[in-house]
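Enquirer: So you can see what is in the structure, the chains are spelled out below.
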Amino acid sequence: MSGRTAVPTFLARVPAGLARVPGVALVLIVLCAGFGVASAGFATPTNIANILVQSTILLLLALPMTLIIMTEGLDLSMGAVLTFASIVFAVSVIATGSFALALLAALGAGLAFGLVNGLLVSVLDIPPFIATLGTLGIAQGLSLLVTDGQSVVGIPRWIDGIYSGRIAGIPLPIVVAAFAYAVTHVLLYRTRFGTYIFALGGNREALKIAGISVRGMLIKVYLFGGLMAGFAALLMTARLNSAHPTAGIGMEFDAIAAVAVGGTSFERGNGWLFGTLLGVLAVGVLRNGLNLLAVPSSAQVASIGALVIVALFIDGLRSEP
Amino acid sequence: MSAEGVPGPPLFELRGISKHFPGVKALDDVSFEIRAGEVHMLVGENGAGKSTLMKVLCGAYRADRGAFFHRGEEVTIGEPLDARKFGIAVIFQEFTLVPYLDIAQNIFLGREIRGPLPGLVDQRGIHSAAKRVLDTIGFDIDPRIPVHRLGVAQQQMVEIAKALSQDARILVMDEPTAALSDRETELLFAMIARLKQNGVAIVYISHRLAEVFALGDRITVLRDGRKVGSVSPSETGPDQLVALMVGRSVDTTYARPARPQAGEVVLEVKDVGAPSGIADINLTVRAGEIVGLSGLVGSGRTEVARAIFGADRISAGEIRLFGERIDGSTQDSTRRGMALIPENRKSQGLALARSVGDNIVLAGLRRLFPTGIFLPRRAVQAARAVIDQLRIATPSVHRAVGTLSGGNQQKVVIGKWLNARARFFIFDEPTRGIDVGAKAEIFRLLDKLVHDGAAILMISSEQTEIVRVCDRAYVMRSGRIVGELARDQLTEANIVTLGMHR
Amino acid sequence: MTRAMTDAEIAVRPRLGFSSNVTQALFRLLAAALLCALLASLSDVFMTQSNILNVLRQTALLFLMASGLTLVILTAGLDLSVGANIGLSACLAASVIKATGSPSLGVATGIGCGTMVGLANGALVTALRIPSFIATYGMMWMLTGVTYFYMGGETIHGFPPAFRQLGSGYLLGIPMPVYVMVLFLAIGTFFAQRTVWGQQVYAIGANPVAARLSGVPVPSRLLLVYTLSGAMAGLASLIILARINSAQGDIGEDLTLPAIAAVLVGGTSLFGGSGTVAGTLIGAFILTLVLNGMNLLQINASWQPLVTGVIVLVAVSINARTRRTDE
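Chains as they are written, first to last, in the numbering used here: chain A, 1 to 321; chain B, 1001 to 1502; chain C, 2001 to 2327.
Certain hints may be false.
As the list claims (entries may be wrong) - In silico lysine to any residue, SDA-like type, Cα no more than 25 angstroms apart, as pairs: (1) B:Lys1025 <-> B:Gly1078; (2) B:Lys1131 <-> A:Leu188; (3) B:Lys1346 <-> A:Glu205; (4) B:Lys1346 <-> C:Val2196; (5) B:Lys1085 <-> A:Ser213; (6) A:Lys220 <-> C:Ser2317; (7) B:Lys1346 <-> C:Thr2322; (8) A:Lys220 <-> B:Leu1117; (9) B:Lys1055 <-> A:Gly211; (10) A:Lys208 <-> B:Ile1113; (11) A:Lys208 <-> B:Leu1120; (12) B:Lys1131 <-> A:Phe193; (13) A:Lys208 <-> B:Gly1078; (14) B:Lys1346 <-> A:Pro127; (15) A:Lys208 <-> B:Arg1062; (16) B:Lys1346 <-> C:Val2209; (17) B:Lys1085 <-> A:Arg204; (18) B:Lys1131 <-> A:Gly211; (19) A:Lys208 <-> B:Ile1091; (20) B:Lys1131 <-> B:Leu1120; (21) A:Lys220 <-> C:Ala2320; (22) C:Lys2098 <-> A:Ser298; (23) B:Lys1346 <-> C:Arg2321; (24) B:Lys1131 <-> A:Tyr189; (25) A:Lys220 <-> C:Val2196; (26) A:Lys208 <-> C:Arg2321; (27) A:Lys208 <-> B:Phe1092; (28) A:Lys208 <-> B:Gln1123; (29) A:Lys208 <-> B:Tyr1061; (30) A:Lys220 <-> B:Pro1118; (31) B:Lys1085 <-> A:Ala210.
By construction, these hints were calculated from the structure, which means they are not laboratory data.
Please model the complete structure; the sequences and the hints are all you need to start from.
Expert: What follows is the structure, given as structure tokens:
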């Protein structure tokens, strides 16, 4: 039974997230400095712009992943669902020529998987990592089936514009990502839904006592993940001008890494959305830098794996009582 | 500090409440009056029925018999929602706060003030509403501070504010000053005074005589589920109160036998301290004796037990078993012949889904099978021997231990250590949740153990047990040992007096 | 805090844990038999000698992958890196064999690599206290990356016949892997049921707190099971290598999910404390039958990960259900 001494009010007003700035910002600074020195092509405006644009897809995944992790859950199926949704989008746009219909189809696919995940976790009480591992297999299977292992080509060229277009000089993906970030921010910090997300991870009992349906909340948060995967699929298909059955595989890992590095804890109902943004940038910088140094993507994956483990270790150190 | 007599019926009244659980009568015809603007102290030993009574009041438990009255009119309380309708709120010891939300969000969890668009929360609204509530209890703090940054005392204030914001007119507090410093306690008392002025009734459970007399307008004493007295603080004194709390009829089914003279020193604990909150612990236990470790809940007894056994690491001092310094792992302690029968036998002492036999042999696997090869038949034989020896009631050695009764489960835990040939036993609340009849049997078992030369350290919250069973006892308070009582000084009154905060 | 039950209440309560291990195993064998009957009726090819041998070989392979994993899951843990471990071990072993021409060095490398990975997993879980599913998930990606990097897109093929016997050879008409399977079925069952360590592993899965308070050195045992899981992955990698006679970066992909499925279908609970190695064998058999049946019925191979995923979910939800009603 330890009693902590009270915190002087003026210090206590500093938002909790700010205390974490040193961690991920430091990582980001170190990476940028390191690559800036190691590679001539890193610190150019074109390259920086590249990093930002390429990170948008990851951000769209990392945002809901942050919320899911805050509820002590995990969504391992995001990459596979992203892939499947992109295939659905590609097939739909080729078949109907309508962007709107294709978008709806992709979002529908994402939402469907989100619903399944939510139901598995909340109604059937299956631990999230196993439930989403299962849906990962299912989504992957569906992707392979629909495409017969081949890429989907023949997507109308104007779709590319989604990825390469600009609004007021700003690349479209960044606008989309900024919008998504703003929406998630409002969702998490300004709505009842967001308040309850904190409670799901921090003290689930408190929610139950307050009469809020834990099941409903869990379903909604995984639905959110599915929805964002749908939007991300849009960007990814536009970027590649095709849909591959293996395109998005493993992106959930980058997303989890970004969230972990960004400081969101796996166990205490604490989330820092801006940290996730920095984490996404960190992963983006890491990949970009390693690319410039001609490091094969396999080794990149290895280093991100190491990054996650380091981030978790530090997180564990921090939370030691 | 006594309230002048409030005319009319009490704000809330419980009459003739009885509640029993299988094997134990928790409450027997208890009546309790709650008056507005009054602090009503509820005192009694552990197990006297205080929390059961409060749980009946707030609707968590259903009384078997008895009636409730709100301002003189009979009402029913069948579930927590009913209690809340009457403004009854309980401040639990485990807080229902969400760490990374701020104070205002916690206060209004589930009842957020709506913002302009659906789903949005009116941030400024709840912050100012929270400020208002906090002001009524005199808690001056910025409601935007996240709760995890608050000290325990402040968190408690938030809990109270949360209850008040739901229009609580009767506030029940269970040992609220347990984790507070003197200064924080003063703040709490100031807040209580303010609440009284607003006509809120407070039911306050406490072991601390000083605050019982300082704060109480009325004191009710429970003992063994019965109300044994309801007095005003001005009519009585601390000694009389203690006498009311502990006086009881002696259970004659267990008589302490003559014990042989204590033998060699088995356990020696020197200047031990641990991060779990204990410090300067010195004690010894000799072969053939049962030494008690008493004190109130939270005084650190279990922490001492865990430190000795190696379940928690120590930061100071040393522990010697049979003269040898032990290295602080449970594996090592077990090998050397130490046993721990934990407080919570289901979650800490047994694997409920495993069989009786598997549980019995677990600690003694190395001893039974020194080659490392496990022979099921020999394990079953060994388990059966223990079952016979302790007369554990189970149809089969293969039955899952979770199906046994509490008393028999406890025997399995003890049997586990007999099988491991332990020579030093730490019992943490050995008779908790066990029928009265089975208790005597457990005591006789302890006798037999020490008669055969073992040494026992027994933790118990029931002073009668300590007095009846132990040869001598240490008393703990706030993580330290505050006294040692030899056989001739070992009385319940002495234990209670030493253990209480003065 | 729950109160104790009186003996009267005990009599009425349903029985828990009645040694149903044997009955459950028989139940599963029955399911397998029914499956065989079904497949035999649906396809003429099913009962042919070559197909039966194929099924046996696949079962053996799947079992070997899943046997060590069973121990990990018994402790309520999980090893998601099994597939990636196999990939790395196979590739390393392959290059050693190619470089030195010595099968035995290759075997040593494969098993050694697998064991080291297992050890690393164990260290992450016990020393760094990272939850097993996250630790092994991160490890999985690291290993995958390292494997691809190491192979650089190349394929290694063509191993000495002596080595290939391990995977493609026959003894008395039965594929070699089956003998290895039987051997490790015996070893695994012996470890789990007939050693002190095995009993301690079960105890840890059933209640790690009570196990620790009973003198069980929990971290050491956890380290042991993760290491064993890794070692078995290393062994399995060799057999796969010997069978397909080549190695490339993606060898380990899509192996983890079937391994987990085999363990769960075999009756081992994800929540720890119950299950057997023999059960995993039956689970591997059933899963192999399902996948084999799909092949014979010429169902697109892309359905396989999907079906496996569904099987895993079904097995876990049944498990979660029974667990809840038991409480």
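Enquirer: All hints are to be evaluated individually against the structure, with a verdict given for each.
Expert: Now for the hints, and whether the structure bears them out:
Straight-line distance between C-alpha atoms of lysine 1025 (chain B) and glycine 1078 (chain B) comes to about 20 angstroms, which keeps the hinted pair within the 25 angstroms bound. Of the pairs offered as hints, the one joining lysine 1131 (chain B) and leucine 188 (chain A) holds, with about 23 angstroms between alpha carbons and a cut-off of 25 angstroms not exceeded. The hinted pair formed by lysine 1346 (chain B) and glutamate 205 (chain A) meets the criterion: a straight-line CA distance of about 22 angstroms does not exceed 25 angstroms. For a cut-off of 25 angstroms, the pair hint linking lysine 1346 (chain B) to valine 2196 (chain C) stands: about 23 angstroms separates their Cα positions.
For the proposed pair lysine 1085 (chain B) and serine 213 (chain A), the alpha carbon gap of about 21 angstroms is at most 25 angstroms, so the pair holds. For the hint pairing lysine 220 (chain A) with serine 2317 (chain C), the CA-to-CA distance comes to about 21 angstroms; that is within 25 angstroms, so the pair holds. In summary, the hint linking lysine 1346 (chain B) to threonine 2322 (chain C) is supported, as the alpha carbons are separated by about 20 angstroms, within the 25 angstroms threshold. With a C-alpha separation of about 19 angstroms, the suggested pairing of lysine 220 (chain A) with leucine 1117 (chain B) holds against the 25 angstroms cut-off.
A threshold of 25 angstroms between alpha carbons decides the hint, and for lysine 1055 (chain B) with glycine 211 (chain A) the separation of about 19 angstroms falls inside it, so the pair holds. The hinted pair formed by lysine 208 (chain A) and isoleucine 1113 (chain B) meets the criterion: a straight-line CA distance of about 19 angstroms does not exceed 25 angstroms. Distance restraint check for lysine 208 (chain A) and leucine 1120 (chain B): the Cα-Cα separation of roughly 21 angstroms lies within the 25 angstroms cut-off, and the hinted pair is therefore satisfied. Using a Cα cut-off of 25 angstroms, the hinted pair lysine 1131 (chain B) and phenylalanine 193 (chain A) holds, with the two alpha carbons roughly 23 angstroms apart.
Distance check on the hinted pair: lysine 208 (chain A) and glycine 1078 (chain B) sit about 19 angstroms apart at the alpha-carbon level, within 25 angstroms; holds. A distance of roughly 24 angstroms separates the Cα atoms of lysine 1346 (chain B) and proline 127 (chain A); the hinted pair therefore holds under the 25 angstroms criterion. Between the alpha carbons of lysine 208 (chain A) and arginine 1062 (chain B) the distance comes to roughly 20 angstroms, so the proposed pair stays at or under 25 angstroms and holds. Between the alpha carbons of lysine 1346 (chain B) and valine 2209 (chain C) the distance comes to roughly 10 angstroms, so the proposed pair stays at or under 25 angstroms and holds.
Taken as a hint, the lysine 1085 (chain B) and arginine 204 (chain A) pair is honoured in the structure, with Cα atoms around 24 angstroms apart against an allowance of 25 angstroms. For the proposed pair lysine 1131 (chain B) and glycine 211 (chain A), the alpha carbon gap of about 24 angstroms is at most 25 angstroms, so the pair holds. Annotation: proposed proximity of lysine 208 (chain A) to isoleucine 1091 (chain B) holds, straight-line Cα distance about 16 angstroms (limit 25 angstroms). Restraint check for lysine 1131 (chain B) and leucine 1120 (chain B): the C-alpha separation of about 20 angstroms stays at or below 25 angstroms, so the hint holds.
The straight-line distance between the Cα atoms of lysine 220 (chain A) and alanine 2320 (chain C) is roughly 22 angstroms, inside the 25 angstroms bound, and the hint therefore holds. For the hint linking lysine 2098 (chain C) to serine 298 (chain A), the alpha-carbon distance of about 23 angstroms falls within 25 angstroms, and the restraint holds. Of the supplied pair hints, the one linking lysine 1346 (chain B) and arginine 2321 (chain C) holds, its CA atoms being roughly 21 angstroms apart against a limit of 25 angstroms. Pair hint lysine 1131 (chain B) plus tyrosine 189 (chain A) holds up; C-alpha atoms about 20 angstroms apart against a cutoff of 25 angstroms.
The straight-line distance between the Cα atoms of lysine 220 (chain A) and valine 2196 (chain C) is roughly 47 angstroms, outside the 25 angstroms bound, and the hint therefore fails. For a cut-off of 25 angstroms, the pair hint linking lysine 208 (chain A) to arginine 2321 (chain C) stands: about 22 angstroms separates their Cα positions. The straight-line distance between the Cα atoms of lysine 208 (chain A) and phenylalanine 1092 (chain B) is roughly 15 angstroms, inside the 25 angstroms bound, and the hint therefore holds. Only pairs whose Cα atoms come within 25 angstroms are accepted, and lysine 208 (chain A) paired with glutamine 1123 (chain B) is accepted, the gap being roughly 22 angstroms.
This hinted pair checks out: lysine 208 (chain A) and tyrosine 1061 (chain B) have alpha carbons roughly 18 angstroms apart, not beyond 25 angstroms. Pair hint lysine 220 (chain A) plus proline 1118 (chain B) holds up; C-alpha atoms about 16 angstroms apart against a cutoff of 25 angstroms. For the hint pairing lysine 1085 (chain B) with alanine 210 (chain A), the CA-to-CA distance comes to about 15 angstroms; that is within 25 angstroms, so the pair holds.
The structure shown violates just one earlier hint, number 25.
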